[in-house]
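Colleague: Protein sequences appear in the order of chains A and B. With numbering that gives the first Met the number 0 applied, the first sequence corresponds to residues 0 to 332, in that order. With numbering that gives the first Met the number 0 applied, the second sequence corresponds to residues 0 to 332, in that order.
Keep in mind that the hints are not guaranteed to be accurate.
Copies of one chain are not kept apart here, so a pair can be met inside one copy or by any two copies together.
[Unchecked claim] Using 27 Å as the maximum straight-line C-alpha spacing, the simulated BS3-like pairs for lysine-lysine come out as follows: (1) Lys89 x Lys21; (2) Lys200 x Lys218; (3) Lys231 x Lys242; (4) Lys270 x Lys136; (5) Lys231 x Lys215; (6) Lys242 x Lys162; (7) Lys136 x Lys89; (8) Lys218 x Lys231; (9) Lys136 x Lys200; (10) Lys231 x Lys136; (11) Lys218 x Lys162; (12) Lys96 x Lys136; (13) Lys218 x Lys103; (14) Lys215 x Lys200; (15) Lys162 x Lys106; (16) Lys62 x Lys21.
These are calculated hints, taken from the structure and not from any lab test.
Spelled out, the chains give:
2 protein chains.
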Amino acid sequence: MATRWGICSAGKISHDFMVAMKTLPPEDHQAVAVAARRLDDAKQFAKTHGIPRAYGTYEELAKDPNIDVIYIGTIPTTHLSSCLLFLNAKKPVLCEKSLAMTTKEVKEILACAKKNNVFLMEAIWSRFYPAYREIRKVVAQGEIGEVRLVRSEFGLSVLPLPKLELKELGGGALLYIGLYPLQFSMMIYGERPQSIQTMGKVLPTGVDETLVTNMKFSKDRLAVFTSSTGLKLANDALVVGTKGSIRIPSHMWCPETIVVNGEERNFPLPKPDLPLNFVHSTGLRYEAEEVRQCLLKGLYKPLRLRHPRKNPHMGKENSHPVGNENSHTCQPS
Amino acid sequence: MATRWGICSAGKISHDFMVAMKTLPPEDHQAVAVAARRLDDAKQFAKTHGIPRAYGTYEELAKDPNIDVIYIGTIPTTHLSSCLLFLNAKKPVLCEKSLAMTTKEVKEILACAKKNNVFLMEAIWSRFYPAYREIRKVVAQGEIGEVRLVRSEFGLSVLPLPKLELKELGGGALLYIGLYPLQFSMMIYGERPQSIQTMGKVLPTGVDETLVTNMKFSKDRLAVFTSSTGLKLANDALVVGTKGSIRIPSHMWCPETIVVNGEERNFPLPKPDLPLNFVHSTGLRYEAEEVRQCLLKGLYKPLRLRHPRKNPHMGKENSHPVGNENSHTCQPS
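Work out the full structure: start from the sequences and follow the hints.
Modeller: Below you can see the structure in the form of structure tokens.
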């Protein structure tokens, strides 16, 4: 039976998500409704992507009983209200990154998911890429020895652009793209950093434009990352172990190729049937399929990130240097 | 008339320096004497490289009146005593990096050179590479716009190796190889950093094995570098400007190729006539020739690094984002 998706917002990333979904079997994934703040936008989006129902409010989408999961593709400043709306309506949620604007907001969203016992996942799509699965495997199997350093970067020259320059629109390099190298480092080490140093350039609006960050994990293991909305960077990553290295050429957040100890390993993406707004967006298919698998398996409790040791289900994952692809979002109930 | 070199130490880097010198015209450069702590080593070295005189003490080399300049190829812990010996004997000095073990030692050496009015240069050979001259030209001419970020790294997996693990032998990643990305960042910005953040792994001996460092220069311009004696890194560098970038593929400290806005520019090195101990060492020829040119021009006053504005000769150089190749070492008297 197909997973029935409700799409919240008719914006650029929602478009790409739909194009990606159509690279998956229709018997597994179907978009059944879309909502936008303007009904006309929703109708146009529905027409473009062959979606049966279109709504002019998110509330109508939340009340639609024939939906299995909501994809939230709005800007981060609206994620708190949207997540609470859908979670309180007992709708599982895949919410675009970043999940929210502050730790306080994230906690409120997580508490809401827990209270309602509903699946919630932040759409860190990179984690579900075949290339990322391979990276975790290579690290876990010791092909490059013990990992000691992670270097990664993600920078685009996209200013001026109000949504990246203004606090009230959720601006800032870290929240917009810096989270990719950050999550990459944390994925590799399977833990939070013990200490962080950062410096950068702050725009007159008070929002970060460029940042360089050092992190130390347990056992003196290091990570360094750079991110910018003002500068185009090489956008590669390097994982250095005691016996070798993994190089991820651009684009480190959605790679088709990785280089393990000098040897290329390729994971080509399917071609889109419509033009995309963002690079390699057909790779959104992997997170969509992951959500389907999580729902089929009944994995719906939010991960207790802050106190993993108090959670008996975390033992096995914590014993690995790299968590499995679910470990940052959900776990067996 | 040839510049007559005296070689202090018959070690590995002195060997490479001689091989490099032989790629230059013999009418410009001649090694006329070598000294080692053991006379037999000096004699063997002299035989290998066709050097007329061999000494078993550095003092004899210092007293040799038929020498224009000394190349010091000993380990850094001995640089202070060797530099003072030769400078006090009024011998110009090209001293291997790092110039000394502490700021205090560096100041003592600089004061000695000044007192004796004798040329002194730290052998940061990278600065004189044709590729480095091209990098400075590209930056100065604005081919990549205003430089905003420099990322560079130099890491080798060479432990265990006592001289890199023990304080008393001058160990540590920063002093051994980390200075290359550090000097690279400072060359690009033509100034000292205004703030520095660093973290890393320290060996039980108290010596740095791996470090990750952020630096902020004027106008919020950033640099980040990584160095390690325990990990082999990609050893490339990236200079990011507002209009483009320069990529320096491995080896960033002695490149034959740079990539400016996607276009390769090549600067091939001459081939050595004997096996080398270190990568691309025939490139030591460029610093040897620079020393010759400095001596021919009578450039011998040590640069007053700490108070450049008090020095009337520094005005022009300071007005450029990148100093010329002499600016870190010497200046017109």
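Colleague: It remains to establish, for every hint, whether it holds in the given structure.
Modeller: Outcome of the hint check:
no., hint, result
1, Lys89 x Lys21, "within (26 Å within a copy, 79 Å between copies)"
2, Lys200 x Lys218, "between (30 Å within a copy, 9 Å between copies)"
3, Lys231 x Lys242, "between (31 Å within a copy, 9 Å between copies)"
4, Lys270 x Lys136, "within (26 Å within a copy, 42 Å between copies)"
5, Lys231 x Lys215, "both (26 Å within a copy, 19 Å between copies)"
6, Lys242 x Lys162, "between (43 Å within a copy, 22 Å between copies)"
7, Lys136 x Lys89, "neither (35 Å within a copy, 62 Å between copies)"
8, Lys218 x Lys231, "between (33 Å within a copy, 18 Å between copies)"
9, Lys136 x Lys200, "between (36 Å within a copy, 26 Å between copies)"
10, Lys231 x Lys136, "between (30 Å within a copy, 21 Å between copies)"
11, Lys218 x Lys162, "between (39 Å within a copy, 24 Å between copies)"
12, Lys96 x Lys136, "within (25 Å within a copy, 41 Å between copies)"
13, Lys218 x Lys103, "neither (30 Å within a copy, 33 Å between copies)"
14, Lys215 x Lys200, "both (22 Å within a copy, 9 Å between copies)"
15, Lys162 x Lys106, "within (24 Å within a copy, 51 Å between copies)"
16, Lys62 x Lys21, "within (25 Å within a copy, 83 Å between copies)"
In this structure, the hints that do not hold are numbers 7, 13, in rising order.
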